[in-house]
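Trainee: Sequence:
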Amino acid sequence: KELEVAAEKEHPGLRAEVAEMFAGKTYVLFLYTYLKDVRLVFAPPASIGNFGGEVDNWEWPRHTGDFSFMRAYTAPDGSSATYATHNIPYKPKRFIQVAPEGVEENDAVFLLGYPGRTARHRTASFLRYEQDVRLPTIVELYEWQIDEMEKAGAKDRAVEIKHASRMRSLANTEKRSRGQLLGLRRAKIVETRTQQEAALQAFIDSDAARSAKYGSLLKDIEAVDAELSAAGPFEINLVQLRQACRAAAFGYFVYDAAVERAKADLERETPYMDRNFPQSVQELQVSMSDWHPPTDQILLTGMLERLSRIPAACEIEPLKAILAEPGTLAAKAEALITKTRLGELSFVQECLTKTPGELQQVDDPLLKLIVQLHPVYLKLRETDKTRDGRLSQLYGSLIEVKQQFLATSFIPDANGTLRFTCGRIKSYSPADAVIRTPISTLRGVMEKTTGVEPFITPDRVLKKYEDGEFGRFVHPRLGQVPVAILYDTDTTGGNSGSPVLNSRGQLVGVNFDRCFEATINDFAWNKDYSRSIGVDIRYVLWITGVVYEADHLLKEMGVE
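Quick note on the numbering used here: the sequence shown kicks off at 1 and runs consecutively.
No lab work stands behind these hints, which were simulated from the structure alone. All the pointers check out, no bait thrown in.
Below 30 angstroms or equal to it, Euclidean Cα-Cα: the simulated DSSO-like pairs (lysine-lysine) are:
1. Lys-9 x Lys-93
2. Lys-162 x Lys-368
3. Lys-320 x Lys-332
4. Lys-385 x Lys-219
5. Lys-402 x Lys-527
Restraint-style ranges between C-beta atoms, simulated for each label pair:
6. Lys-385 x Arg-185: 28 to 34 angstroms
7. Glu-549 x Pro-76: 29 to 35 angstroms
8. Gly-232 x Gln-349: 32 to 38 angstroms
9. Pro-76 x Arg-390: 50 to 56 angstroms
10. Thr-437 x Ala-19: 34 to 40 angstroms
11. Gln-97 x Pro-294: 48 to 54 angstroms
12. Glu-269 x Ala-108: 42 to 48 angstroms
13. Thr-450 x Ser-392: 49 to 55 angstroms
14. Lys-188 x Pro-278: 45 to 51 angstroms
15. Arg-390 x Ile-435: 45 to 51 angstroms
16. Arg-472 x Ala-108: 19 to 25 angstroms
17. Leu-112 x Thr-450: 34 to 40 angstroms
Beta carbons are placed, not taken as given, at the ideal position from N, Cα and C, and that holds for glycine.
Work out the full structure, taking the sequences as your base and the hints as a guide.
Mentor: Listed below in structure tokens is the structure:
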């Protein structure tokens, strides 16, 4: 934190972030141009941008036109600035050229983007925790939450709209987690990693000096992961209590902010530092706009029921008191939700001005519960930090000895920083006698169109298709406008929006997803299954220029 603050003082207008490359070994300070005024220029209707919805999510073939055009603005002097009418369009030194001819099967492509987090260098004991504890728990929790929100939305269109964004996020994580479970088991990654570690241990034991330094290393890591596995159900469900119930999440933010903001800036948790707090508050306000008390009541009831079946949770005094009170958990949840004001923006804004002591005196039952639980959450946070600290030291040593063993250097796990990956437009076979070719077309959109969500196609698109108005964007071999492309680059969560470039560095697509089987990428890349999905630039240009006649945008990009 000190390095980041110092770097931003030294480089006004830039955003500084320190990223861990190898735990306990290598850290890099990144400086970013942070453009604050970004405006929407053009986006297709949701029926194009989210065609197929959750049915097609993580699937191939895909026919989703997931793209939009944004324009960044700066102050007249070129410096980063918040929105103002006198701001001018950002002028970069260079920009990526568009290749309207697109790509063909087996063409080389590469991506530059910001993949989130992977666990390629984690040991078998951690992967076993993922396979046996965390992923199954997340799948069950998120399936249940989605089901409850779907039931609530089925009764009221307004409620359905409120839940739409959150449900998409939950469904995305749930399906990805199921894919990861499938990949871990089908590719036997835990077993393979165990064999690799046995060979590494033999290498360590073969030399007295190495054995003295690294002999207990793998067992020490396994011991930390064993703690994580044992505590996993309790910790995951306790955190979900304040995430599934949105009013509890609002209350937690309010009280946690009060506690953290009382500290010196550099001692605060990252969301509450002066450089981040306004954005954190803005995100809270956006989240509050979709609050639906009856759904919160159902989800709070369900989380209390789940925690009541976990012995460690039943020993926490605030929960112990709730469970001991007469009445059903549903009635207790109803009382907490109907009597709280944490869903009111004005109340939350007022609370954000109060100290921890003042918040403890506020007469709001749900806020009181959060205040009582806060020390438990702080203990979880500190336990997590302690584990991470121990693992950072241990993994630093693991990287050292693995490099000796393999006699090579290797790529650090993804961590949200800029990464390069390359591959080819390539088909794959997810099952026996099934081959997925790598370019989908507009004909597939027509075949899927039913007129019922999520397979509705706008009349404009239907008319242009019927009239054969395809412009210059027809694939010469397929005789159709390409919609999406499939390629074997190495991507993960966070790569959505990454430009897909051809061998000349020209834009041929925009990455937005992976195949279901490629969710395994977080743990290991697989040449047979790891496939990423992008919208084909020809579909982007056809929708923009031909269907919606925004020729000026194409001209601005150098496409005539």
